[in-house]
Amino acid sequence: KAGVTQTPRYLIKTRGQQVTLSCSPISGHRSVSWYQQTPGQGLQFLFEYFSETQRNKGNFPGRFSGRQFSNSRSEMNVSTLELGDSALYLCASSQPPGTGTRELFFGEGSRLTVL
Amino acid sequence: DAKTTQPNSMESNEEEPVHLPCNHSTISGTDYIHWYRQLPSQGPEYVIHGLTSNVNNRMASLAIAEDRKSSTLILHRATLRDAAVYYCILRALMKTSYDKVIFGPGTSLSVIP
Numbered sequence: 001k002a003g004v005t006q007t008p009r010y011l012i013k014t015r016g017q018q019v020t021l022s023c024s025p026i027s028g029h030r031s032v033s034w035y036q037q038t039p040g041q042g043l044q045f046l047f048e049y050f051s052e053t054q055r056n057k058g059n060f061p062g063r064f065s066g067r068q069f070s071n072s073r074s075e076m077n078v079s080t081l082e083l084g085d086s087a088l089y090l091c092a093s094s095q096p097p098g099t100g101t102r103e104l105f106f107g108e109g110s111r112l113t114v115l
Numbered sequence: 001d002a003k004t005t006q007p008n009s010m011e012s013n014e015e016e017p018v019h020l021p022c023n024h025s026t027i028s029g030t031d032y033i034h035w036y037r038q039l040p041s042q043g044p045e046y047v048i049h050g051l052t053s054n055v056n057n058r059m060a061s062l063a064i065a066e067d068r069k070s071s072t073l074i075l076h077r078a079t080l081r082d083a084a085v086y087y088c089i090l091r092a093l094m095k096t097s098y099d100k101v102i103f104g105p106g107t108s109l110s111v112i113p
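Protein sequence lines, in the order shown, are assigned to chains A and B. Residues in the first sequence are numbered consecutively from 1, following this note's numbering. Residues in the second sequence are numbered consecutively from 1, following this note's numbering.
Bound-form chain B, shown alone:
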């Protein structure tokens, strides 16, 4: 069951872009990279996922390194509502695989007005 490492905390100014890094050096070829965030007093919320190519959705962008051993979640313009703990996890997608989802401590993002 693969693990990820992230910085414990990061700070950003409001309306500035934020780049949240994640290392997953033991990623396997069938692992998808998933990002979630957890706002205070709420359950985690799905943000974005990817396999090899960079991905965009209405919430964020995901940039994946060519060797897939790291990825970066990009929030294009941080708002106060983006202050949360961000988790990067790996999900094995083999047809018969039920992976134990391993969450690290995540990155606590603070947004300064």
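Next comes chain A alone, as it looks inside the complex:
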């Protein structure tokens, strides 16, 4: 079956702009989580969505937001971009709690560069 698909793969923005990233989970997976990966901070949890509701959130400012649609696809948005937001943004899909052992299946990521 198809894996996790993230779009776009690469993008360049300037400070102050906003960006929206998209994630399509593996068919049948209803939980989607997002991560930011930078050389300095490593992989950091942003948030997790299930059934169109945010279930958990990491320690990121309110400029980072997300949503999930009824077909489990998810988007994340970063507003008022800062240079420090340059990172690889990864999406992972899994089953929700109580329905398995919650292995994470990651996409290839969206590489954001902020100039």
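Simulated from the structure, these hints should not be mistaken for laboratory data. This structure is a prediction, so every number in the text was calculated from the model and none was measured. Any given hint might turn out to be false.
DSSO-like mimics (lysine-lysine), calculated; alpha carbons at most 30 Å apart, straight line [said to hold, decoys possible]:
{"id": "1", "chain 1": "B", "residue 1": "LYS100", "chain 2": "A", "residue 2": "LYS57"}
{"id": "2", "chain 1": "B", "residue 1": "LYS3", "chain 2": "B", "residue 2": "LYS100"}
{"id": "3", "chain 1": "B", "residue 1": "LYS69", "chain 2": "A", "residue 2": "LYS57"}
{"id": "4", "chain 1": "A", "residue 1": "LYS57", "chain 2": "A", "residue 2": "LYS13"}
{"id": "5", "chain 1": "B", "residue 1": "LYS69", "chain 2": "B", "residue 2": "LYS100"}
{"id": "6", "chain 1": "A", "residue 1": "LYS13", "chain 2": "B", "residue 2": "LYS100"}
{"id": "7", "chain 1": "A", "residue 1": "LYS57", "chain 2": "B", "residue 2": "LYS3"}
{"id": "8", "chain 1": "B", "residue 1": "LYS3", "chain 2": "B", "residue 2": "LYS69"}
Fit chain B to the given chain A structure using the hints.
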């Protein structure tokens, strides 16, 4: 949200076994141990998971200490394609738990031809 600690880097010769350790002293009874690896320029890839018993799959084996406070990922014969960063994380599996997944820096494995 439980944390894990791993050595920053390890080296192995090709075709030799590799034992990658992970400490998780604050593990709770409902936490599963998951291992992932990230090859250069790719997203992390699921490797294996376990709860209490040792586990084997086509990629690796997972040995879990009796007190569950540590585990070891075993690659039986390292290949150049196994050079990656290996992450050990804990996943809470309570029915209503949405855990914040905490990744440490992982172990960067180098494989020497």
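Q.
For A:LYS13 and B:LYS100, compute the direct alpha-carbon distance and say whether it is at most 30 Å.
A. Since the Cα atoms of A:LYS13 and B:LYS100 sit roughly 28 Å apart, the hinted pair holds (cutoff 30 Å).
**Q.** 30 Å limit on alpha-carbon distance, applied to hinted pair B:LYS100 and A:LYS57
**A.** 7 Å, holds
Q: Decide if the proposed pair is consistent with the structure: A:LYS57 and B:LYS3, CA atoms, cutoff 30 Å inclusive.
A: 17 Å, holds
Q. Given the proposed pairing of A:LYS57 with A:LYS13, does the C-alpha separation stay at or below 30 Å?
A. With Cα atoms ~25 Å apart, A:LYS57 and A:LYS13 stay inside 30 Å; holds.
(Q) With the threshold set at 30 Å, check whether the alpha-carbon distance from B:LYS69 to B:LYS100 stays at or below it. (A) Satisfied, since the Cα-Cα distance of roughly 19 Å is no more than 30 Å.
**Q.** 30 Å limit on alpha-carbon distance, applied to hinted pair B:LYS3 and B:LYS100
**A.** Within the cut-off at roughly 10 Å; holds.
Q) Within a Cα-Cα threshold of 30 Å, do B:LYS3 and B:LYS69 meet the stated pairing? A) 11 Å, holds
Q: Take a quick look at whether B:LYS69 and A:LYS57 sit within 30 Å of each other, Cα to Cα.
A: Given that 30 Å is the threshold and the Cα spacing comes to 26 Å, the pair holds.
The structure is consistent with each of the numbered hints, conforming to all of them.
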